[in-house]
Amino acid sequence: MALLTIKNLHASVAGKEILRGIDLTVNPGEVHAIMGPNGSGKSTLAQVLAGRDLYQVTDGQVLYDGKDLLTMPPEERAQEGIFMAFQYPVEIPGVSNMYFLKAALNTIRKKRGIDELDAMDFLTMVKEKLALVEMDPAFLNRPVNAGFSGGEKKRNEIFQMAVLEPRLAILDETDSGLDIDALKIVANGVNLLRTGDRAMIVVTHYQRLLNYIVPDYVHVLANGRIVKSGDKQLALELDQSGYVGLEEAVTA
Amino acid sequence: MTGMEPIRQDAAQRFAKLGFPTTRDEDWRFTNVSTIAETQFSAAPFDLSGWGEGQLEQLLAPYEGSLRLVFINGRYSPELSSLQLARGIGATPLREANGTVAAHLARYVDYQDRAFVALNTANFEDGACIEIPNGTVVEEPIHLVFLASGGDVPVISHPRNLVVIGPGSQATVVESYIGHGAKYFTNAVTEIVAGEGSVMDHYKLQEEDERSFHVATLQVQLGRDANFSTHSISLGGGLVRNDINAVLAEGTEATVNGLYLPSGSQHVDNHTMIDHARPHGTSHELYKGILSGASTAVFNGKIIVRWGAQKTDAKQTNKNLVLSEDATINTKPELQIHADDVRCTHGATIGQLDQEAIFYLQSRGIGKEQARDLLTYAFARDVIDRIKVEPLRARLEKIVLERLHANRN
Numbered sequence: 009m010a011l012l013t014i015k016n017l018h019a020s021v022a023g024k025e026i027l028r029g030i031d032l033t034v035n036p037g038e039v040h041a042i043m044g045p046n047g048s049g050k051s052t053l054a055q056v057l058a059g060r061d062l063y064q065v066t067d068g069q070v071l072y073d074g075k076d077l078l079t080m081p082p083e084e085r086a087q088e089g090i091f092m093a094f095q096y097p098v099e100i101p102g103v104s105n106m107y108f109l110k111a112a113l114n115t116i117r118k119k120r121g122i123d124e125l126d127a128m129d130f131l132t133m134v135k136e137k138l139a140l141v142e143m144d145p146a147f148l149n150r151p152v153n154a155g156f157s158g159g160e161k162k163r164n165e166i167f168q169m170a171v172l173e174p175r176l177a178i179l180d181e182t183d184s185g186l187d188i189d190a191l192k193i194v195a196n197g198v199n200l201l202r203t204g205d206r207a208m209i210v211v212t213h214y215q216r217l218l219n220y221i222v223p224d225y226v227h228v229l230a231n232g233r234i235v236k237s238g239d240k241q242l243a244l245e246l247d248q249s250g251y252v253g254l255e256e257a258v259t260a
Numbered sequence: 387m388t389g390m391e392p393i394r395q396d397a398a399q400r401f402a403k404l405g406f407p408t409t410r411d412e413d414w415r416f417t418n419v420s421t422i423a424e425t426q427f428s429a430a431p432f433d434l435s436g437w438g439e440g441q442l443e444q445l446l447a448p449y450e451g452s453l454r455l456v457f458i459n460g461r462y463s464p465e466l467s468s469l470q471l472a473r474g475i476g477a478t479p480l481r482e483a484n485g486t487v488a489a490h491l492a493r494y495v496d497y498q499d500r501a502f503v504a505l506n507t508a509n510f511e512d513g514a515c516i517e518i519p520n521g522t523v524v525e526e527p528i529h530l531v532f533l534a535s536g537g538d539v540p541v542i543s544h545p546r547n548l549v550v551i552g553p554g555s556q557a558t559v560v561e562s563y564i565g566h567g568a569k570y571f572t573n574a575v576t577e578i579v580a581g582e583g584s585v586m587d588h589y590k591l592q593e594e595d596e597r598s599f600h601v602a603t604l605q606v607q608l609g610r611d612a613n614f615s616t617h618s619i620s621l622g623g624g625l626v627r628n629d630i631n632a633v634l635a636e637g638t639e640a641t642v643n644g645l646y647l648p649s650g651s652q653h654v655d656n657h658t659m660i661d662h663a664r665p666h667g668t669s670h671e672l673y674k675g676i677l678s679g680a681s682t683a684v685f686n687g688k689i690i691v692r693w694g695a696q697k698t699d700a701k702q703t704n705k706n707l708v709l710s711e712d713a714t715i716n717t718k719p720e721l722q723i724h725a726d727d728v729r730c731t732h733g734a735t736i737g738q739l740d741q742e743a744i745f746y747l748q749s750r751g752i753g754k755e756q757a758r759d760l761l762t763y764a765f766a767r768d769v770i771d772r773i774k775v776e777p778l779r780a781r782l783e784k785i786v787l788e789r790l791h792a793n794r795n
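In order, the protein sequence lines correspond to chains A and B. Reading the first sequence from the start, the letters are residues 9 to 260 in the working numbering. Reading the second sequence from the start, the letters are residues 387 to 795 in the working numbering.
The hints are simulated quantities; they were obtained by calculation from the structure and are not laboratory data. The beta-carbon is built from N, C-alpha and C at its ideal position, and this holds for glycine as well. Be a bit skeptical, because a hint or two may be false.
Dumping the calculated DSSO-like pairs for lysine-lysine here, alpha-carbon to alpha-carbon at most 30 angstroms [stated by the list, open to error]:
| hint | chain 1 | residue 1 | chain 2 | residue 2 |
| --- | --- | --- | --- | --- |
| 1 | A | K119 | A | K75 |
| 2 | A | K135 | A | K119 |
| 3 | A | K15 | A | K240 |
| 4 | A | K118 | B | K784 |
| 5 | A | K110 | A | K75 |
| 6 | B | K754 | A | K24 |
| 7 | A | K135 | B | K688 |
| 8 | B | K754 | A | K75 |
| 9 | B | K718 | B | K705 |
| 10 | A | K75 | A | K118 |
| 11 | A | K24 | A | K236 |
| 12 | B | K784 | A | K119 |
| 13 | B | K697 | B | K774 |
| 14 | B | K754 | A | K119 |
| 15 | B | K784 | B | K697 |
| 16 | B | K705 | B | K784 |
| 17 | A | K118 | B | K754 |
| 18 | B | K774 | B | K688 |
| 19 | B | K701 | B | K718 |
| 20 | A | K110 | B | K705 |
| 21 | B | K754 | B | K784 |
| 22 | B | K774 | A | K110 |
| 23 | B | K784 | A | K110 |
| 24 | A | K15 | B | K754 |
| 25 | B | K774 | B | K403 |
| 26 | A | K110 | B | K754 |
| 27 | B | K701 | B | K688 |
| 28 | B | K784 | B | K774 |
| 29 | B | K701 | B | K774 |
Chain A is faced by these chain B residues, among others (derived, beta-carbon under 10 angstroms) [unchecked claim]:
| hint | residue |
| --- | --- |
| 30 | D396 |
| 31 | K754 |
| 32 | R758 |
| 33 | A764 |
| 34 | A766 |
| 35 | R767 |
Okay, chain B solo, but in the shape it has when bound (with noise of 0.2 angstroms):
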C-alpha cells in the first residue's frame, strides 16, 4: 500500500475541517450525526472473542465455497478467509495490495468535501482489493464479509474496499456486513472501477446491530458499455447513511436498487447520485421501504445529465410501504437536466397496506395477520427477486419473513 500516505494526511487534513456534516447540510438535513460526532471513539480491536463460535460458522454458511475475504473490525482474518479459489484474479486484503491501489484506490470517490469518506480514508486499517484482469469471467460471486462488533466502549473501523474489473470482464461482488453489541461505529468505503464493456453485479447487505452506527458510501466510475447492477438491502444498524455514487460513461447501463425495512427507532438514510456524464446511458433506480415502529426513512435520488448527454434514458422510483403511525420517511427526487434529448422520469410513493386487498384474502379463509404479512412481503419482493445469487436470495427472503413476523409481535 506503497504511496498512501500523501493521500491520507490530505484527507486527514479534509476532515479537520469539513467536521462532521450537520442538519443545516442539505445533504444531511434529515440524518443527524450528532451522536456520533459526540461520541469518542476508539479502534476496534481485532477480537472474534465476542462472536460465538456456531454463530460464526452459521454466517459463514452462505458463502461456503466461493472466493471470500473475512475482516474482523476493519482488519482482515485469514483464517476465515478462503483465497484458494483465486484463479488468476487478485483477490487480496488492500495492504497487501500494491500497483492496483496506487493506480486506483482514493481516485475516484470524493474525499475533500464528504467527511466520511474523509475520515475513512485518512484511517482505514484494511479491506479488500479485487482485480479482474481483462476478458475474465468469473461466475462464482466474490464475498465481503465485514464482521463488526462493540464492547463497552464505543469503537470504530474502517472497511475500505477497492475493486477493479478490466475491460469485458465479468464479476458478482457481495459485501456483507454483520455486527453485534452496543455502540460502535462501521465506516465503510467501497471504490468501484468497472472497464469498457464489462459487466458486475454488485449486493451489499448490511445486517449490523440495531444499537449501531453505519455509514458506507459506494463510489462506481463506469466504463463505456458497461453494464453494472448493485442492490443495497437494509436490514440492521441504529443510524444508517447510505451513499452510492455512480458515473456513467457512454452506452452504460446501470441499475440501482435497494430495499430497506427499518422497525423500532431505526434510521435509515439513502442517498444515491447517477452521474449520466456521457450520451446513450441508461439508468434504473427502484428503493423500496417498508417502515414500521417508530423508524424513520430517507430516500433522496440524484439524476445529473450533463451537457451533452443525449439520448440518456434515466428511470427512478422509490415506493414505501408504512405500517406504523408513528414511522416517517421524506423521499426526495432531485434531476440536474442539462441536455435536451433525453427521457427522465421519476417517482415516488407512500401508503399504507391496501385494505381492500386485506380483505380479498381473508375472504378466501386467509387470516388477517397472514395477508399482512403476505401483502408486506409481496411489496418487497420485486427487489428481492432481481438478486442473482441464490444464496444471497434464500437468506434474504428468510430474513425478511421472520422481520415481517417479529415486526407483528
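This is chain A alone, in the form it adopts within the complex (with noise of 0.2 angstroms):
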C-alpha cells in the first residue's frame, strides 16, 4: 500500500490559491524529488502535509498511511510518523535541544506505545545520531537553534529526524544556504536515514542537492501543479535548461 496518496490537492493563503490540483504517490523506501522555482508551490506542499495552518486546503485529499491526514492535527501527524525538515529552522531560546528532543520523542514513543526511554538511555541514543551529522555533543545542551549558524540549524534539523526515526521525511529546501561541506554532512545524513520502509520528499529549488542524495524519482512544480514527472535524469536536464520553458508550457 502506497504511504502516501495526494490527490488533487488545492490551497491557498490568505485567500491565494497556491497549490492547484497536486496528484502524488509516494510509496516505502521512495525517495521523491520535487523542484521547481521559486513561488511554484514546493514550500506550501511541504507545509501543508506537515499542517501549517497559514494555508487553507480547498479541495482535494492526502492519505496516509489510509488515514485522512487534513482531519489530523501537526502533532499528531508527527506522532504518526511525518516529520518536516524545515527550511527555516525556529529559534527557541530558553528552550535547551535536549530537553526538547527528549519531550518530542517520549510523546512520540508514548503515542506508539513504546515505553519513555530514561534520561541515560536517551543520551546514549542522542550521541549515535549527533554522529550521524558529525555535530559536537555540547550542542545539545545549547537552546534550541538559537545562535546556531545556518549550516548548524540544517544540520540540527536532519539530527532531529534521525532521533524521531519517521515514516515520511519531507525535506524543505534542505540545501538552501548551505556551503559545499555542509551539503556533504546533511546529505551524508540523510543517505544513513535512507530505509526500505522509510519514505522521503526532499524539495529543492537546485539539482545540487540530488547528485548527493539521489531519488528515485523527480518532480517539477510550475504554478501549483506538477508539470513533469520522470527519473534522476529529468533534474540533471533541468539543470542544464533551467525552468522556463516549463513555466511557459503551463501558462500557455
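Now that you have both chains on their own, put them together as the hints suggest.
In C-alpha cells, the structure reads:
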C-alpha cells in the first residue's frame, strides 16, 4: 500500500491559491524530489503536509497510511511518523535541544505504545545520532537553534529526524544556504537514514543536492501543479535548460 | 529601638500631610490605590490560627537548616524562627536591635515624599535587623519570612527590615512574603546598606493572597566597589506595588532583576530607580512579565546618571509576554543623564507567543498546549536561572510551571 497518496490537492494562503491540483503517490522506501522555481508551491506543499495552519486546503485529499491526513493536527501527524525538516528552522531561546528532543521523542513513543526512554538511554542514543551529522554533544545543552549558523540549523534538523525516526520525511529546501561541506554532511546524514520502509520527499530549488541524495523520482512543480515527472535524469536536464520552458508550457 | 520616636512622629506627620497617592501623581498614574485609601484597616493580630500545621511546615521546609526569622502579621515569632546559626553575625528582630537601628534606620529611604514609606515608618511593629561585621562571609542564605493572614475585618501590617553588610563582607538575604485570606494589606520597607567592596545577593519572593494588597519599598545604599544583586519575583497579591531604589557609589555593580506573572484580575506595578551617583558604576536590569487573564502590569524603570558619574554603564531591559487579549502592560523607561561619557541602553518589548515556534514544536510531536507551556516557561527562564539559592530556584520553577498549567485551564 502507498504510504502517501495526494489527490487533486488545492491550497491557498490569504485567499491566494498556491496549489492547484497536486497528485502524487509515495511508496515506502522511495525518495521523491520536488523541484521547481520560486513561487511554484514547493514549500507550500511541504507545509500543508506538515499541518501548518497558515494554509487553507480548499480541495482534494491526502491519505497517509490509509488515514485522512488533513484532519490531523500537526502533533498527531508527527506522532504518526511524519517529519518535516524546516527551510527556516525556528529559534527557541530558553529551551535546550536536549529537553526539546526528549519531550518530542517521549511523546511520540508514548503514542506508539513504547516505553519512555530514561535519561541515560536517551543520552546514549542521541550521541550516536549526533555522529551522523558530525555534531558536538555540547550542542545538546544549547537552546534550540538559538545563535546557530545556517549550516548548524540544517544539521540540527537532520539530527532531529534521526532521533525521531519518521516513516515519511519531508526535507524543505534543506540545501538552501549551505556551503558544499555542510551540504555533504547533511546529505550523508540523510542517506544513512534511507531505509526500505522510510519514504522521503526532498524539496529543492537546485539540482546540486540531488548529486548527493539521489532520488528515485523527480517531479517538477510550476504554478501549483506537477508539470513533469521522471527519474533522476530529469533533474540533470533541468539543470541545463532551467525552468523557463516548463513554466511557459503551463501558462500558455 | 531607642531614639526612633522623633522619626516615627515626623513620619506620621508627613503621612498626614501627603495622604495616599492618587493617579494624578506621575509615579502612580497606572496604579490606583483608592481601595486601600478607602479601607478601614486595623492592626493585624499576632495570630497563627489561620495556618494549618502541615501548611506552615511545608512553607518553611525550604528554609530549614539556615538562619531564619519568621514574622506573623509583622510581629516576630521566636517559635518559628531559628537563630542558632547566627555565629558572629547580628540577626535579631528590629525591636531588640539598638545601636545599628539608631545609626541606620530610616536614614536612606525617603519617608518625606513617599506616602507608603512614611506610613510604614510611623507604624511598623517589627522586622528583621541583620548586621554582618566587616570582612565576614556568610555562605548560607538568611531567610526572612513574613506570614500574613486576613480575616473578617481588613488588617494591615508594616514589616520593616534593616540589613547592614560591613565592608568586604558577603551575604545572601531572601525575603518571602506569604499570605492567605481576604483583604489584608502588607506595607513593607527594607533598607540595605552595603559597605565598601561587599557582595550581596537579595531575593524577594512575593506569594501573597490574590485578594490582598502588597506595597513594598526596597532602598539600597551601596558602597564603593560593592557588588549587589536583587531578584524580585511577584506571584501573588491582588494589588501589588514594588519600589526598588538603588544608589550606587564609585565602581559599584548592581543587578536588578524581576519577574511578574499576574493572572486573573491581579495588578502588579514595578517601579525601579537606579541612581548612578558616582563614576564607573555598572547596572544591569532585566524585568520580565507574563500576563494572562484580565491582569494589568506596570514597569517603570528610572535610571539617573548624576553630573560627574562618568563611565557609567547602565543597561535596562523589560520584556513582556501577553497571553490574553484582556491583559494590559504599561512599560516606560525614564533616563536622566547628566554626564557625557556614559553608556546607557534600554529596551522594552511586548509580545505574544511565537506562532512559528508553536508550530515547530507541534511538528515534532509536542501537543499545542504543552508547546505553549514550554515556550512560556522558556520566556521566564532567564530570570529564574539567575537565582543562585538552589531551594528557592527549585521552588520557583515548580510554582511557575504549576501556575502556567492553572492559567491554561
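A quick look at each hint next to the structure:
no. : hint              : verdict
1   : K119/A <-> K75/A  : holds, 16 angstroms
2   : K135/A <-> K119/A : holds, 24 angstroms
3   : K15/A <-> K240/A  : holds, 23 angstroms
4   : K118/A <-> K784/B : holds, 24 angstroms
5   : K110/A <-> K75/A  : holds, 27 angstroms
6   : K754/B <-> K24/A  : holds, 27 angstroms
7   : K135/A <-> K688/B : violated, 48 angstroms
8   : K754/B <-> K75/A  : holds, 21 angstroms
9   : K718/B <-> K705/B : holds, 11 angstroms
10  : K75/A <-> K118/A  : holds, 20 angstroms
11  : K24/A <-> K236/A  : holds, 23 angstroms
12  : K784/B <-> K119/A : holds, 26 angstroms
13  : K697/B <-> K774/B : holds, 29 angstroms
14  : K754/B <-> K119/A : holds, 15 angstroms
15  : K784/B <-> K697/B : violated, 41 angstroms
16  : K705/B <-> K784/B : holds, 22 angstroms
17  : K118/A <-> K754/B : holds, 16 angstroms
18  : K774/B <-> K688/B : holds, 26 angstroms
19  : K701/B <-> K718/B : holds, 14 angstroms
20  : K110/A <-> K705/B : holds, 28 angstroms
21  : K754/B <-> K784/B : holds, 21 angstroms
22  : K774/B <-> K110/A : holds, 26 angstroms
23  : K784/B <-> K110/A : holds, 19 angstroms
24  : K15/A <-> K754/B  : holds, 28 angstroms
25  : K774/B <-> K403/B : violated, 42 angstroms
26  : K110/A <-> K754/B : holds, 16 angstroms
27  : K701/B <-> K688/B : holds, 11 angstroms
28  : K784/B <-> K774/B : holds, 16 angstroms
29  : K701/B <-> K774/B : holds, 21 angstroms
30  : D396              : violated, 48 angstroms
31  : K754              : holds, 7 angstroms
32  : R758              : violated, 12 angstroms
33  : A764              : holds, 3 angstroms
34  : A766              : holds, 8 angstroms
35  : R767              : holds, 4 angstroms
Violated hints for the displayed structure, listed by number in ascending order: 7, 15, 25, 30 and 32.
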